[in-house]
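Chemist: So the chains spell out like this:
2 protein chains.
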Amino acid sequence: VVAEIISVGTELLLGQIVDTNAAYLSEALAELGVDVFHRITVGDNFERVTAALRSAKARADVLITIGGLGPTQDDLTKEAVAEVFDEELALDEPSLRFIEELFARRGRRMTANNRKQALIYAGGRPIPNPHGTAPGALLEKDGKLALSLPGPPREFRPMVDGFVIPYLAERASGRRMILQHRVLRVVGIGESAIETRIADLVAGVNPTLCTLAHTGECHLRITAKAPSPEEAAALIAPLEAEVRRRLGEAVYGADAMDLPRTVVAMLRKRGRQLAVAESCTGGGLGALITSAPGAHYVFLGGVISYQNAVKARQLGVDRALLSEYGPVSAPVARAMARGVRERFGADFGVSITGMAGRGEPG
Amino acid sequence: VVAEIISVGTELLLGQIVDTNAAYLSEALAELGVDVFHRITVGDNFERVTAALRSAKARADVLITIGGLGPTQDDLTKEAVAEVFDEELALDEPSLRFIEELFARRGRRMTANNRKQALIYAGGRPIPNPHGTAPGALLEKDGKLALSLPGPPREFRPMVDGFVIPYLAERASGRRMILQHRVLRVVGIGESAIETRIADLVAGVNPTLCTLAHTGECHLRITAKAPSPEEAAALIAPLEAEVRRRLGEAVYGADAMDLPRTVVAMLRKRGRQLAVAESCTGGGLGALITSAPGAHYVFLGGVISYQNAVKARQLGVDRALLSEYGPVSAPVARAMARGVRERFGADFGVSITGMAGRGEPG
Numbered sequence: 072v073v074a075e076i077i078s079v080g081t082e083l084l085l086g087q088i089v090d091t092n093a094a095y096l097s098e099a100l101a102e103l104g105v106d107v108f109h110r111i112t113v114g115d116n117f118e119r120v121t122a123a124l125r126s127a128k129a130r131a132d133v134l135i136t137i138g139g140l141g142p143t144q145d146d147l148t149k150e151a152v153a154e155v156f157d158e159e160l161a162l163d164e165p166s167l168r169f170i171e172e173l174f175a176r177r178g179r180r181m182t183a184n185n186r187k188q189a190l191i192y193a194g195g196r197p198i199p200n201p202h203g204t205a206p207g208a209l210l211e212k213d214g215k216l217a218l219s220l221p222g223p224p225r226e227f228r229p230m231v232d233g234f235v236i237p238y239l240a241e242r243a244s245g246r247r248m249i250l251q252h253r254v255l256r257v258v259g260i261g262e263s264a265i266e267t268r269i270a271d272l273v274a275g276v277n278p279t280l281c282t283l284a285h286t287g288e289c290h291l292r293i294t295a296k297a298p299s300p301e302e303a304a305a306l307i308a309p310l311e312a313e314v315r316r317r318l319g320e321a322v323y324g325a326d327a328m329d330l331p332r333t334v335v336a337m338l339r340k341r342g343r344q345l346a347v348a349e350s351c352t353g354g355g356l357g358a359l360i361t362s363a364p365g366a367h368y369v370f371l372g373g374v375i376s377y378q379n380a381v382k383a384r385q386l387g388v389d390r391a392l393l394s395e396y397g398p399v400s401a402p403v404a405r406a407m408a409r410g411v412r413e414r415f416g417a418d419f420g421v422s423i424t425g426m427a428g429r430g431e432p433g
Numbered sequence: 072v073v074a075e076i077i078s079v080g081t082e083l084l085l086g087q088i089v090d091t092n093a094a095y096l097s098e099a100l101a102e103l104g105v106d107v108f109h110r111i112t113v114g115d116n117f118e119r120v121t122a123a124l125r126s127a128k129a130r131a132d133v134l135i136t137i138g139g140l141g142p143t144q145d146d147l148t149k150e151a152v153a154e155v156f157d158e159e160l161a162l163d164e165p166s167l168r169f170i171e172e173l174f175a176r177r178g179r180r181m182t183a184n185n186r187k188q189a190l191i192y193a194g195g196r197p198i199p200n201p202h203g204t205a206p207g208a209l210l211e212k213d214g215k216l217a218l219s220l221p222g223p224p225r226e227f228r229p230m231v232d233g234f235v236i237p238y239l240a241e242r243a244s245g246r247r248m249i250l251q252h253r254v255l256r257v258v259g260i261g262e263s264a265i266e267t268r269i270a271d272l273v274a275g276v277n278p279t280l281c282t283l284a285h286t287g288e289c290h291l292r293i294t295a296k297a298p299s300p301e302e303a304a305a306l307i308a309p310l311e312a313e314v315r316r317r318l319g320e321a322v323y324g325a326d327a328m329d330l331p332r333t334v335v336a337m338l339r340k341r342g343r344q345l346a347v348a349e350s351c352t353g354g355g356l357g358a359l360i361t362s363a364p365g366a367h368y369v370f371l372g373g374v375i376s377y378q379n380a381v382k383a384r385q386l387g388v389d390r391a392l393l394s395e396y397g398p399v400s401a402p403v404a405r406a407m408a409r410g411v412r413e414r415f416g417a418d419f420g421v422s423i424t425g426m427a428g429r430g431e432p433g
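Chains as they are written, first to last, in the numbering used here: chain A, 72 to 433; chain B, 72 to 433.
Derived by calculation from the structure, the hints in this document are not laboratory data. Idealized CB from N, CA, C, for every residue including glycine. Misleading hints may appear alongside valid ones.
Okay, the calculated beta carbon distance ranges per label pair [said to hold, decoys possible]:
1) B:82 x A:261: 40 to 46 Å
2) A:202 x B:174: 25 to 31 Å
3) A:333 x B:144: 16 to 22 Å
4) A:277 x B:261: 49 to 55 Å
5) A:330 x B:82: 27 to 33 Å
6) B:233 x A:196: 49 to 55 Å
7) B:285 x A:339: 30 to 36 Å
8) A:269 x B:87: 54 to 60 Å
9) B:232 x A:285: 44 to 50 Å
10) A:196 x B:213: 34 to 40 Å
11) A:269 x B:292: 45 to 51 Å
12) A:262 x B:330: 48 to 54 Å
Examples of chain A residues lying across from chain B (beta carbon under 7 Å, computed) [said to hold, decoys possible]:
13) 101
14) 103
15) 108
16) 306
17) 358
18) 383
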């Protein structure tokens, strides 16, 4: 199956926004095994949208448009699709009622032009949009499939994950299929060392495994294609177990459990409390920990000791230690951690000292 | 003048990277007054790159390709441009020497395929790339201008700013023109309030003025088009003065002088030192301040007092105050700031207390 993406919006051609939608959709299509050979970006211009659709229709099986479904005169994607497929647009009553109810709930008056958003291909169907007023629209005609998706990412992404991918999977295989991800989070091993240990597992087809480098950690993403979440989970489980066996404790968490959340959850489970002493990071570690829900159960706070005098006075670090080893040294780091633990009455004290990265002490 | 952008790279169609280059170039072209009606994205495939170039050549005056200039077999943009314009590629000796010297400086062996990067249109010219091994290439033929730019953003962006925009400006006006920006940074006034005060100034053509909302601040970008940096600066100065007159001290800095840098520079100029007391932000304010060069001259450090007990013990906040007003109150904030200033021997104490944003205290 070959798909083509047509991004519609003058703001894209003016560089006012970056087309993250196209990348999001492209990645999902690639995982599904759908080929994309062309992506066209055009402005809010009927002739150019129509021309782009005609060339896409000549080349691809599936035409996916992004944007141009709103209520204004500029929004003309459905009109262009209708033109190219010689199709009528008709008012879809359920979509209209959904939009009316949305306005009522928000306590706003629905202007007449919003009815335009409920116009759907007469021989097609709407794609529900729980996150906005403009439904998507689907048309199967002339042996082609046209999908019209909304532009705002918070409406677009759920529609891709929740409708487009399952629909295309079902269409291709005759069975409804979903894509399910599991992200294993790894610290303490570099990306290339990880790849060496799991190289043979990366070759799999379903589930697939890929490594993604992030700041300070590496993610291993397992993706399974299956008719149901349960079957996808059953495909993922043995691969996850094998990865965990090979990487051991370096796999510290999964999915949304990032490092701060994991640390907070572990401390909470054990009923322990933490304090920090930070030099070069200036409070960055404390800020990270407090980003995790439940931080107030386990995080007492800490001392930002950017200057030596603060290390001595507020953390009780021996001045002799500071002059003998310098502030960036293991003995001083130890004394900082011990100092904040004792003074704050914490179970654990964690300290950081180092160069601020501009050749400045800190 | 009409330009068309052709982004080349299979990784774009697979969604592995987001095409920020195209947006960057589009914005610069829009500011210059060059129209872009189509952007095409194709993979590393000779036939498809060639077909995209042919349709662009039929529609536009200027064809700008992004990517595909590297040393590998996948890199075939110049070959495709040569095909479409019936042009030869010839080895450009200065480009070859530049690449050889770059490898020598990096102490790496230059493999034979790197010579490919020095192939330039026989009737055209290279575009110097100080940030990488692949020069850009330029061809004027058949009444069209073809510009071939490298894909890595840190090579691409300087080439757009330093070559493409001045070249197109000169070509359009017969004079070499540059675009120069000045960004005024504003805090303490919301975007809509700012727009009300400067609405009449936004209508200007050269220089232009636009507002950009950012987290916690607003940017006002002034852009001037002129033959020289001096003339651009002379266009910018009166508009900047008028904006500053209307917004007063809310304009706290310009260009790279963000809020932390401005605070650090002001303290340094006055020979004063700062300490912070943070509750809900958990160290985020300290981390921001230490992000500025020279922070170690003016920033002593601080106390992260995430819990009430820490506010009392480490900052001397009266427990009666805490129970009477609660930790999220002006009296407690004042006591925290006073406490950290006195205990750290700072000239200024700054404190933050509030809700952590999840209904949790902090």
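Chemist: Evaluate the given range 49 to 55 Å for the C-beta pair formed by residue 277 (chain A) and residue 261 (chain B).
Modeler: The hinted range 49 to 55 Å holds for residue 277 (chain A) and residue 261 (chain B), with Cβ atoms some 50 Å apart.
Chemist: Any CB of chain B closer than 7 Å to the CB of residue 108 (chain A)?
Modeler: It holds, given that the least Cβ distance between residue 108 (chain A) and chain B is near 6 Å, below 7 Å.
Chemist: Honestly, do residue 233 (chain B) and residue 196 (chain A) meet the 49 to 55 Å range at C-beta?
Modeler: 51 Å, holds
Chemist: Has the hinted range 40 to 46 Å been met by the Cβ atoms of residue 82 (chain B) and residue 261 (chain A)?
Modeler: The hint (40 to 46 Å, Cβ to Cβ) is violated, given that residue 82 (chain B) and residue 261 (chain A) are roughly 22 Å apart.
Chemist: Okay, residue 262 (chain A) versus residue 330 (chain B) on CB: inside 48 to 54 Å?
Modeler: Check failed, 34 Å falls outside 48 to 54 Å.
Chemist: Starting from the hint 54 to 60 Å, judge whether the C-beta atoms of residue 269 (chain A) and residue 87 (chain B) obey it.
Modeler: This hint is violated: roughly 19 Å between Cβ atoms.
Chemist: Does residue 306 (chain A) pass the interface hint, meaning its C-beta sits closer than 7 Å to a C-beta of chain B?
Modeler: 22 Å, violated
Chemist: Taking 16 to 22 Å as the hint, is the beta-carbon distance of residue 333 (chain A) and residue 144 (chain B) inside that range?
Modeler: 44 Å, violated
Chemist: Hint says 27 to 33 Å; check whether the CB-CB distance for residue 330 (chain A) and residue 82 (chain B) agrees.
Modeler: This hint holds: roughly 28 Å between Cβ atoms.
Chemist: Given a hint of 30 to 36 Å, does the C-beta separation of residue 285 (chain B) and residue 339 (chain A) actually sit inside it?
Modeler: 35 Å, holds
Chemist: Should the hint that residue 383 (chain A) touches chain B count as held when the rule is a Cβ pair under 7 Å?
Modeler: Constraint on residue 383 (chain A) not satisfied, violated at 12 Å.
Chemist: Report holds or violated for the interface hint on residue 101 (chain A), using the least CB-CB distance to chain B and a cut-off of 7 Å.
Modeler: With a closest approach of 5 Å, the residue 101 (chain A) hint holds.
Hints 1, 2, 3, 8, 9, 10, 12, 14, 16, 18 from the list above are not met by this structure, while the remaining hints are.
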